[in-house]
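Peer 1: Produce the complete structure using the sequences and hints provided.
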Amino acid sequence: MSTRLQKGGRLIDRSKALSFTFNGKRMKGFAGDTLASALLGADQMMVGRSFKYHRPRGVVASGAEEPNALVGLGTGGRFEPNQRTTTTELFDGAVTASQNHWPSLEFDIGAINDKFYRFLPAGFYYKTFMFPRFAWKHVFEPIVRQSAGLGKVPQNRDEDRYEYAYAFADLVIVGGGIAGLAAALAAGKQGKRVWLIEQTAHWGGRAVVDGVQIEGTDAGAWVKEAVQALEKMENVTLRTRTMASGLYDHGYLMAYERIADHTPGDGRPRHRLWRMRAGHIVTATGAIERPLSFAGNDIPGVMLASAVRDYVVNWAVSPGDRTVIVTNNDDAYRTALALLDAGLVVPAVIDARPEAKGELPQAVRARGVRVLEGHGIAKVKGGKRVTGVATCIQAGEGAELEQIACDAVAMSGGWSPVVHLWSHCGGKLIWDDKLAMFRPDPKRPATGEDGAAMVTAVGSANGILAAQDVLADAHQAVGGKGTAPGAVSEAEEPLIPVWIMPQGAGPALRFKMWLDPQNDVKVSDVQLAAREGYESVEHTKRYTTLGMATDQGKISNINGLAILSDSLNRAIPETGTTTFRPPYTPISMGAIAGEARGEIFQPLRKTPMHEWHETHGAHWEPVGLWRRPYCFLRSGEGVHDAVNREIRQVRNSVGLLDASTLGKILVKGPDAGKFLDMLYTNMMSTLPVGKCRYGLMCNENGFLSDDGVVVRLTEDTWLCHTTTGGADRIHGWMEDWLQCEWWDFKVYTANVTEQYAQVAIAGPNARKLLEKLGGMDLSKEALPFMEWREGVLGGFRARVHRISFSGELSFEVAVPASEGRAFWDALIAAGEEFGVMPYGTEAMHIMRAEKGFIMIGDETDGTVIPQDLNLQWAISKKKEDYLGKRAQERSFMASPDRWKLVGLETLDGSVIPDGAYAVAEGYNANGQRNMQGRVTSTYHSPTLNKGIAMGLVKHGPDRMGEVIEFPVDNGKVVKARIVDPVFYDKDGEKQNV
Amino acid sequence: MSKAVSALGGVSHKGFVEVSEAGLQGMITVRGDLSSAKMKKAVKAATGTAVPEARRIVIAGDKAAAWMSPDELLILVPYTEAVATVAALEEALAGEHHIVADVSDARAMFRIKGAKASQALLKLCPVDFETLAEGEIRRTRAAQVAAALWKSAEDEFSLVSFRSAAGYVFGALEVSARTGSEPFPA
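Protein chains in written order, with UniProt numbering: chain A, 1 to 993; chain B, 1 to 186.
Just so you know, these hints were derived from the structure itself, not from any lab.
Cβ coordinates follow ideal geometry from the N, Cα and C atoms, glycine included.
Among the clues, some could well be false.
Stated by the list, open to error - Covered stretches of chain B (chain A as the covering partner; in silico rule of three or more C-beta atoms under 8 Å from a C-beta of chain A): (1) 4–10; (2) 133–146; (3) 156–166; (4) 171–179.
Peer 2: Put into structure tokens, the structure is as follows:
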């Protein structure tokens, strides 16, 4: 039975009792508890089940390395699965639930898998693919789907807020143990801008629990003083509950601050993701204890030795009255001492080493504890909790010598430095034979832009375990002046590596030796993978799923690769480690999203008339980051009806289009004409001041990229209109050519897209409407088609262009954006007598299609050249060069067999589906039907009251009148006649009045 | 000019700092040779200031000149003076390769006021506010959109964004300034 001790617990406040529930059962803990310590204090040894075999799982560790004790935490909008109880602080009213079982934690149907472990070996999932096809679909897939997954998916919207924050520092020290504190003190005194971040809520790390003496006082007192000294330094920033999750190039460090996990609903953001730029990073991230591989090492009650003493010292939690300790090193004896100090019983210390005569073992012996040298655990007894252990000779095969009754087992297989941050950006490791650990290789660190080390590992993270050496290392690593703080701790004899206990264990025992208790990977699985030919540690990881669980193998990786090395009969450094990737421990999706949710999920660009549209039935369409009205719905009206009404209004009277989103780029300078002649396929340098010209832009490969009306403003200034989506892209394109290629051109550009609100006033009554506003002569004589004038129109500073995309008499008027809404209101008011109404993008698209005008993105898709669209009239023959010219002269581009633009008219008046292909005779080499064309735009034309379309058809312009076939859904074939793409007012009489 | 309205009509929000849309602001883009005598004279006439050094803004009363790039400045004048200032700049720079563009209506301007103003901004802008010097302008981003900012008074920052994104920027500022979310509460 685990229980709360009467005395002690340096982190808990017994005056503040907190209540919480686990699987609906009310439990009590104290302020300062983690969920894990509170659960253990309430005798909840078993807290979940494993992923594959549904074996009972209990708390193993006391920190970030915990693989087992994960719970669903919270309810509703604050529910989150897979919360690590060892790092989650207890709060009053916490609702927790165990995971991965059905129907209950105590009785679980899935545990039957445990009996069939022989049929669920490593690579089980992949092996299922090798069965007959029906077996996967009908047998394995349903089983895998049923049993896969860990925890429940949240069903509600997250109630919390999250945010980013950016920070800059000369030095970021990760880890607030004595190494981090010593480094911060030394660096802080040098005046450097220092951040010291610690993932838990407490400073001091292991040293405090381990009874280290620093500067003549106990570690706890020294830590307190160190923190107070650091708090006084203005150049030092201290953060607890902040975990450095990843290190990236150029000292870019990501840190995850858990602001309100322990105070849910207090109004603060829940998490904050710090994005820090650090001149240098010191990792003082400590080390993680390794388990030992003996049979039954996954039974609840088997814990890491360091965790056992953490629970006793920090939270006054006893793992049970009797704890057997099993170890290959001296450090685990500290756990024996901590247990004895708390008045608990240590029936035996089982030490795999032939001899244990160090200071610590002797101290333990002196207190009357049996030390079994050269021994191991043959098997742990118990099911849902430990009831005892059977001992054996470590050198043997596991013959049971003795049974020792106990409630818990504290195991220690040595320590692995936390090298994750060191490794994220390329820092290399070396294998230390003496300590049996991978530690940072100081000769091969991650480097910064200057080629110098970007990271320095100190203390235990650097493979230095003794407190006095830790402090010296940390002090020296940051160039500390004077001597480092001095420490005293017990001397330790060397460990011996133990990867299997006992070393000669047979298959029956190896089947029950867990490496990765969350994903159920055992010694036997890694050995099987090796037998099946897996040599690379990365492949073995994926095949066996070792280290692929939510803990990313923090306690299992080294043991696993040692087993793999042993099976392949090679040295551990030859096998190497798997890649360490961020984040160090899982971070919330909310923190990754930061502030970007709801209204500010992504920028929504609005024109000055946006609000008017919103209040007048706008049916929105996203265009880039803009929203443009697709049409304006009136009450009771469908989208199709609205579009038809808007088109009829423009064709018969006058309508308004908010064209403010069109790109507008000023191009000015002595070489501006030359520059535009290179950019556009047609001549822009010859455009007279006061006139407009439609132009096409291609990329270097000849493909049509953008189009728009170019306006000559003055002798050396042009205004280039682009498509809505092309505004920023084309401006960047221009600057790219000017800055990188044609740097000798004297040209300046300015993107003035947003300076102007632009409105198209289109329809036979357009001029009458504008004349009502007054102030400018807009007669046919004063402002002919394809010209522009500047003036004051109805009191607005306006530039009026006579251009038409609808085929009607049309003006596009640009006014300062700040006056855009007022101008729009004025147009609506003045147009009342003409029944004026706004029209949306769909009406605009249909009207241009009726006129046979192409649309970038419809008729073009990055593979279409202007010649395909019969736009030769807009390609200058006089020019020596323009972007795309040479590409268009290549044989394939010049081929007469390219599909070309035509109009398509269905025989039955129906609308051809968008993107439909026209079939040709015969089949290609792949047995597919040959094609001869495809639809690029297709609409119902309310003007002509029939389906109209444009498409690209092989030899299309030479085949006028011919009928081609478009097979559509369900064997249906639509027949369409090839016609001129201009369906409406071919001579342009309507726009030229 | 009574018809002219700023993007958000001067909306404001008070959290641990106050964020507000500053209303209409005259802004003019000038590109050219920043070292030329004509440019110096033109800027002096427009704002009363010298041509700013790289990454600097020089403020004189309600006018200012800010460095945008090695060949670009942003001139700030009262909104009602923008048109006249454009004309004056054009005249002063005549004969020299340049561009002058009125961008007053293409932008939105915000003020972030309070002792912890930088704490709201450092959630959105990757800027080292501790080392941001007096008179320094920073072209950066506010979350997902382009922005420029500078310290415009004691405990006050000004931030400029594109007009179309004004609602987004204000929303992001409002969230970032909410009471209780100070990254450095003490």
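Peer 1: Taking the hints in turn, state whether each one holds.
Peer 2: How the hints compare with the structure:
no., hint, in the structure
1, 4–10, "holds (count 4)"
2, 133–146, "holds (count 3)"
3, 156–166, "holds (count 5)"
4, 171–179, "holds (count 6)"
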